[in-house]
Amino acid sequence: TQLLEQSPQFLSIQEGENLTVYCNSSSVFSSLQWYRQEPGEGPVLLVTVVTGGEVKKLKRLTFQFGDARKDSSLHITAAQPGDTGLYLCAAYENTGFQKLVFGTGTRLLVSP
Amino acid sequence: EPEVTQTPSHQVTQMGQEVILRCVPISNHLYFYWYRQILGQKVEFLVSFYNNEISEKSEIFDDQFSVERPDGSNFTLKIRSTKLEDSAMYFCASSKISSEREAFFGQGTRLTVV
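Chains as they are written, first to last, in my numbering: chain A, 1 to 112; chain B, 1 to 114.
Hints are computed from structural coordinates only; laboratory data are not their basis. Treat the hints with care, as some may be off.
To be verified - Calculated pairs, DSBU-like style, for lysine-lysine (alpha carbon to alpha carbon, straight line, at most 30 Å):
hint : chain 1 : residue 1 : chain 2 : residue 2
1    : B       : 42        : B       : 78
2    : A       : 70        : B       : 78
3    : B       : 42        : A       : 56
4    : B       : 57        : B       : 96
Said to hold, decoys possible - A few chain A positions that, by computed beta-carbon distances, are all more than 12 Å from chain B:
hint : residue
5    : 13
6    : 37
7    : 41
8    : 71
9    : 82
10   : 90
Claimed, not checked - To give a feel for the contact side, a few chain A residues facing chain B, derived at Cβ under 8 Å:
hint : residue
11   : 42
12   : 46
13   : 48
14   : 50
15   : 98
16   : 99
17   : 100
18   : 102
19   : 104
These numbers were taken from a predicted model, which means no experiment stands behind them. Where a beta carbon is used, it is the ideal one built from N, C-alpha and C, also for glycine.
With the hints as constraints, model all of the structure from the sequences given.
Dropping the structure here:
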């Protein structure tokens, strides 16, 4: 089973600060997905990155896929309390899109 | 916007009882999944289902678990004899055939085994 390690595990910041969350693996992925999960709810898909070096923006969120397609980052600019949640990266194991595995998660708390 | 729906949202059951968790995947999706998340832990893969058969399952998905697509819209997860350690959030997901194979998740069923 491929392991997706996320860092940091926990992040507590003030509103308006910037932050970056990392997702790393020793494996190469054909694509990687980022989700956000709030307590008691299901993961909500934010973005999928496919091409090595790809950068995608979703309002104040910037997602980057590493050149070698082994890692990814999520950068949030001017964080808001509404950004609070668990951020998860996920990728399919190489065996062909049958098993989406999740990272260890980064729990973000943005205080007003 | 199409979404994956799960019922019930919360199920309390006695140890040893059978439970069936239900899911309605997004209508044009062909791949279906069940995941579970024990409180405070990772989202763990249980099983994937395509073309009316299991395509992959994890070591968690033992003989006590089964999945079924009884009709054209529902996708169910059955736990035959629940154990205390089966208490978790169970998420259903679906995806369509695409290069990215984006998976969309339901809101989950909180299963509490007492």
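Hint check results:
| no. | hint | verdict |
| --- | --- | --- |
| 1 | B/42 <-> B/78 | holds (21 Å) |
| 2 | A/70 <-> B/78 | violated (36 Å) |
| 3 | B/42 <-> A/56 | holds (25 Å) |
| 4 | B/57 <-> B/96 | holds (19 Å) |
| 5 | 13 | holds (21 Å) |
| 6 | 37 | violated (8 Å) |
| 7 | 41 | violated (6 Å) |
| 8 | 71 | holds (18 Å) |
| 9 | 82 | holds (19 Å) |
| 10 | 90 | violated (8 Å) |
| 11 | 42 | holds (4 Å) |
| 12 | 46 | violated (11 Å) |
| 13 | 48 | holds (4 Å) |
| 14 | 50 | holds (6 Å) |
| 15 | 98 | holds (4 Å) |
| 16 | 99 | holds (5 Å) |
| 17 | 100 | holds (5 Å) |
| 18 | 102 | holds (4 Å) |
| 19 | 104 | holds (6 Å) |
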